[in-house]
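Novice: Given chain B's structure and the hints, the job is docking chain R onto it.
In the order they appear, the protein sequences are chains B and R. Residue numbers 284 to 485, in our numbering, belong to the letters of the first sequence in order. Residue numbers 223 to 373, in our numbering, belong to the letters of the second sequence in order.
Hints are computed from structural coordinates only; laboratory data are not their basis. Any given hint might turn out to be false.
Said to hold, decoys possible - Lysine-lysine pairs mimicking BS3-like chemistry, simulated, CA-CA at most 27 Å apart: (1) B:314 <-> R:331; (2) B:382 <-> B:314; (3) B:441 <-> R:331; (4) B:382 <-> B:424; (5) B:424 <-> B:441; (6) B:424 <-> B:314.
Stated by the list, open to error - Non-contacting residues of chain B with respect to chain R, defined by C-beta distances greater than 12 Å in every case (computed): (7) 416; (8) 425; (9) 456; (10) 470.
Built from N, CA and C at the ideal position, the CB exists for glycine as well.
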Amino acid sequence: MARFALVYGRLLALAALVALVLAGCSAYSYKGTVLEPPSPAPDFVLADQNGEQFRLSEQRGNIVVLFFGFTNCPDVCPTALADAAAVRRQLGADAERVKVALITVDPERDTPERLGRYVQTFDPTFFGLSGTPAEIEAVSKAYGVSATRRELPESALKYTIDHSAFLYVIDQTGEWRLVFSPDAAVNDIASDIRNLVTTGGS
Amino acid sequence: MRRMVWMCLVFAALALTACTTAVPVQNGGSTAGVGISVAGSWARGADEGNGAAYMIIRNIGNQPDRLVSAAGDVAAAIELHTVENNNGVMAMRPVDSIDVPAGGQVELKPGGYHVMLVGLNQPLAPGDRFALTLQFERAGPVEVIAEVRNQ
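Same shape as in the complex, but just chain B (with noise of 0.2 Å):
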């Protein structure tokens, strides 16, 4: 009887270790801004470096993660692109569905040749999208996304852009889940991808 006793008190002890794991799987609290509800991203098709098509509702199954930038911008961007680039070495085999794409709002000066060659430095399976200035203002629009132009007469720039420096994030759905701000963190980023893989974007 004390033997069943003990047993029994295990076994309860166990199941109250798995619910509370189960509840704590249930309860991840994402890191990023939510949009609640998630609403269906805007869709687009712009062009990729190799001058394929990129229809973002082609990458159901995947979580894509888009970036407004470009190749001129030296400081931003690229701590925004390495960010992306750690964020899927951090996920390991879970990255395979993770894309990544830099969207330009610059399409004037980054010709698919270059922002090809800008993305993969930091990525080799990064997109780098460009279309005509009426495709690249509309997607801006679709996501909210503020680009500015802004001469600087007394830098050898001559102009910067000034631009909405976020991440979005679009779950397998195609959902729009998640915005990451400019200083977000990678453990942060990667944590709530890595949420998004495991349960399916539901």
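Specialist: Structure of chain R alone, referenced to chain B:
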């Protein structure tokens, strides 16, 4: 005993000399420029176009100083810039100078102050090193060696 006092004096004199004429050399650091010490100079890898260099500048003197310019062969033009974060809209702007308070430090880092390398003359590959001459208002020129990293 007398000998020990003597040795202490020599040591103290040496230590004082070290303080006033030189600053410990650190990785990516420099020794020139009285009162100014620069550590951890680095730049992110870039194959063309523009780059940015970052570092920590310490002012161990008792007078405020300011970084007024930077020069080097690495790029066609080298400027001082900052980044303003206006609710996630990042705006990069040239600045005339970067203050380094007396006894304090300023960190040039991603998303903030940086030495902007406009028009790289060579690709920056991880492991490469390049020289920059920082010009301070009070301390004068300070040579630093920046290391290229993919960070």
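Novice: Each of the hints needs a verdict: does it hold here or not?
Specialist: Evaluated hints:
1. Proposed proximity of residue 314 of chain B and residue 331 of chain R is supported: the alpha carbons are some 23 Å apart, at most 27 Å.
2. For the hint pairing residue 382 of chain B with residue 314 of chain B, the CA-to-CA distance comes to about 20 Å; that is within 27 Å, so the pair holds.
3. Our distance criterion of 27 Å between C-alpha atoms is met by residue 441 of chain B and residue 331 of chain R, whose separation comes to about 23 Å.
4. Our distance criterion of 27 Å between C-alpha atoms is met by residue 382 of chain B and residue 424 of chain B, whose separation comes to about 21 Å.
5. Between residue 424 of chain B and residue 441 of chain B the CA atoms are separated by roughly 25 Å; this keeps the pair inside 27 Å, and the hint holds.
6. Only pairs whose Cα atoms come within 27 Å are accepted, and residue 424 of chain B paired with residue 314 of chain B is accepted, the gap being roughly 25 Å.
7. Residue 416 of chain B, annotated as away from the interface, keeps every beta carbon of chain R farther than 12 Å; the closest lies near 19 Å.
8. No beta-carbon of chain R comes within 12 Å of the beta-carbon of residue 425 of chain B; the shortest separation is about 17 Å.
9. In this structure residue 456 of chain B is separated from chain R by more than 12 Å, as the shortest Cβ-Cβ distance comes to about 26 Å.
10. At roughly 15 Å from the closest C-beta of chain R, the C-beta of residue 470 of chain B stays outside 12 Å, upholding its exclusion from the interface.
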